[in-house]
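Trainee: Chains as they are written, first to last, in my numbering: chain A, 1 to 403; chain B, 1 to 314.
Incorrect hints may have been included.
As the list claims (entries may be wrong) - Beyond 12 Å from chain B on every Cβ pair, some chain A residues (computed):
hint, residue
1, F17
2, I27
3, G162
4, I210
5, G249
6, L339
7, L361
Said to hold, decoys possible - Lysine-lysine pairs mimicking DSS-like chemistry, simulated, CA-CA at most 27 Å apart:
hint, chain 1, residue 1, chain 2, residue 2
8, B, K89, B, K300
9, A, K246, B, K300
10, B, K303, A, K242
11, A, K355, B, K192
12, B, K246, A, K355
13, B, K303, A, K236
14, B, K297, B, K221
15, A, K242, B, K89
16, B, K166, B, K117
17, B, K221, A, K174
18, A, K359, B, K89
19, A, K228, A, K242
20, B, K303, A, K92
21, B, K117, A, K329
22, B, K297, A, K242
Calculated directly from the structure, the hints in this document are not laboratory data.
Ideal placement from N, C-alpha and C gives every residue a C-beta, glycine not left out.
Given next are the chains, with one letter for each unit.
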Amino acid sequence: MSDPMKKKESFFQSDGFQSLLASLICILLGLLIGFIVLLFINPSGAAGAIGAVIKNFLNYSRAALQLKNLGNTLVKTAPLLMCSLSVLFCYKVGLFNIGAAGQYVVGACISIYAALAWGLPWWLCLLLAILVGGIYGAIVGVLKAYCNVNEVISGIMLNWIGLYTTNMILTGVKESTSPYTLHLRDYAPQSVLPNMGLAGLFAGNEYVSIAIPLAIIIAVAIKVILDKTRFGYELKATGYNKNAAKYAGMAEQRNIIVTLAIGGALAACGGAFLYLTDYELWEVTTSAVPGMGFNGIAAAFLGGLNPVGTIFSSYFIQHITSGGAYVDKNLYSSQISDLISAIIIYLCGFVGFMKLTMKKLNASKAAQDIAANNANAEPAGQDASKEKPADGSESKTEEGGKA
Amino acid sequence: MLLLLQYTLIFSSVLTLVALGGCYSEHSGVINLGLEGIMVIGALGGALVMRFIPASTPGIFVVLLTLLGAVAFGVAYAALLAVACINYKADQTIVGTALNILGTALATVLVKAINMKLSGGDDVSSTVQYVSAKQNFVAYIGSFQFNWFMVIAIIALVVAYVVLYKTRFGLRMMACGEHPQAAASVGISVYKMRWSGVLISGVFGSIGGIAYILAGVSEWKFENGVAGFGFLALAVMIFGQWKPTKIALAALLFGLFRALSNVYIGIDFLANLNIPSTVYNMFPYIISLLVLALTSKNSKAPKAEGIPYDPGQR
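If we strip away everything but chain A, and leave its shape as in the complex, we get (with noise of 0.2 Å):
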């Protein structure tokens, strides 16, 4: 075996490429069974609505319009991603934050209320946000820290608290011909994210504003606090074991609290990042809780649980996501790309399975690669092959070939 030959190998066998592999699988066999299911609905324009759906942007053939319509898609990637952040924070704590949902709706709550009723700056807006959704987030982490109510039901039904409170709070400040909300931009223009110039960027489209470059500053933030600090180890221990946590005097029960906290932050910021640029208004008669703390679950997984891996992630559902929007009316509805991120996150769920599989493969193959070694070898060889099927792993693979 020759040197660089050996280093492209660790590199196949490094985690980060098989969580990389193992998500690529997920979105193949994802778009695959969505386009079985497009074909079983209607298979004369199924190959055309797959295609639509994944050339999103580029369904227009002018750059200008491609420009402006990419822009769309990142307005909404970023509060994926930080709802995505606020399921991986928490899931690297041991707690599985699906309220993501309802703290997103919160967020987006105080942040309209708080620019329309109020007429705070921006900064103020999402400030406020970040703090009521901080809270309505502590309020899973007291029941599950000393209560023992399982974070999942307690989540789900403050998703349904918060999308009623949020409807009635908002009725106050909506058109009175229509449910939606005023345009911020017309009643409240002081509490529009600024866009810093970033709109000409994107062929003037106006609503992509600094929520983009925060957000992605967030997730760099949260992959230092997580890999990097005292603060992020003590978090991570508490989810590996919490007895082991706590024996080691770690304050488990605030621990828990504080993530969850975190984690009701970066969803309602979310919220706020969305309709702090105008680029949606609510609708006060929204009768099911939004998809977008859904889709965070389905990034953050997707992303190999690693908040960079989240960006590419988070933008690849909204990219699908927002994709919907081109299929073939007649034939089909949008809802096929809901469709395809909920088989995405099913097949996550093997992902544990498939990284096992490489690892035998890999395994295998190792012992392949000495075995043949071996036979060409001298004796000496064999000591090494002794050695052999006790620990297949790459250090004795690269004994064995120097050997």
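Based on the hints, put chain B in the right spot on chain A.
Mentor: Frame of chain A, contents of chain B only:
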């Protein structure tokens, strides 16, 4: 008042059915967070039967075929959970959540496709109507609308009690939820028992789903799923300490609060309070949060639930 009783009973029946489904699954050791999705898919199966069955079909066949359609869809859907969580040791929370989201998305896509095809493109809604078929499920006693699902729920309750506590099958299944390795050591197939638990939860979850969309309305918009009802049922199950009899009592309490949001306008005392209707809509969720907060401390959950079975572990 009669209306309140009627709605309380029908919603309690739904909650009992679905919570019992969750009960089987959890006693076998698998947390079924996908009940909400199973309800939606079950409801879809039943609704499609009702939508397409010829109007001349005798009532009893309509009822049976609808139930059959619901159960077939629901069990097939529950199998997705079983295969992932039991055979491939997937995280039960992720898969359950995926099934909930998938259920609503799949039902919406399919119903919209069917509506578009039948109407030639005019009808793009996700609503299924079943006005005439619904009549077969209800009978009137005076002005009280009696619903056959109330009977089905009571039968399911008795069956659950007998199966779980009085039969070899039920006791073995519960052993798999408490200590699967010990169960395996005396020759019980943990995989089979967990599969049975999940599939049975598919049966009851889907009957609950079709019962829910038949409660009070004669059309259903599948875009809305079942509005968190599957999770309310899980709350009922936890409040009922995973025991069938207590589950029934818990279901009555939750059913009452759910019914209030439907009928409070008809009750003078409540109507005079002038509370906005959204507050009544929130009631069941707030109550379940409070109840869970008060009762989860001494949880009697099956010990091995949520942990994938590993024969090598002790």
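Trainee: Each hint: holds or not?
Mentor: Checked hints:
1. F17: 21 Å, holds
2. I27: 15 Å, holds
3. G162: G162 of chain A not clear of chain B: closest Cβ-Cβ about 10 Å, inside 12 Å.
4. I210: With a cut-off of 12 Å, I210 of chain A remains clear of chain B, as the shortest Cβ separation is near 30 Å.
5. G249: 24 Å, holds
6. L339: With a cut-off of 12 Å, L339 of chain A comes too close to chain B, as the shortest Cβ separation is near 4 Å.
7. L361: Non-interface label on L361 of chain A holds, nearest chain B Cβ at 17 Å vs cutoff 12 Å.
8. B:K89 <-> B:K300: 24 Å, holds
9. A:K246 <-> B:K300: 23 Å, holds
10. B:K303 <-> A:K242: 17 Å, holds
11. A:K355 <-> B:K192: Holds, at roughly 26 Å.
12. B:K246 <-> A:K355: 43 Å, violated
13. B:K303 <-> A:K236: Holds, at roughly 24 Å.
14. B:K297 <-> B:K221: Violated, at about 38 Å.
15. A:K242 <-> B:K89: This hinted pair holds, its Cα atoms lying about 22 Å apart.
16. B:K166 <-> B:K117: 50 Å, violated
17. B:K221 <-> A:K174: 25 Å, holds
18. A:K359 <-> B:K89: 16 Å, holds
19. A:K228 <-> A:K242: Holds - the C-alpha atoms of K242 of chain A and K228 of chain A are around 20 Å apart, at most 27 Å.
20. B:K303 <-> A:K92: The given pair, whose Cα atoms are some 23 Å apart, holds under the 27 Å limit.
21. B:K117 <-> A:K329: 12 Å, holds
22. B:K297 <-> A:K242: 17 Å, holds
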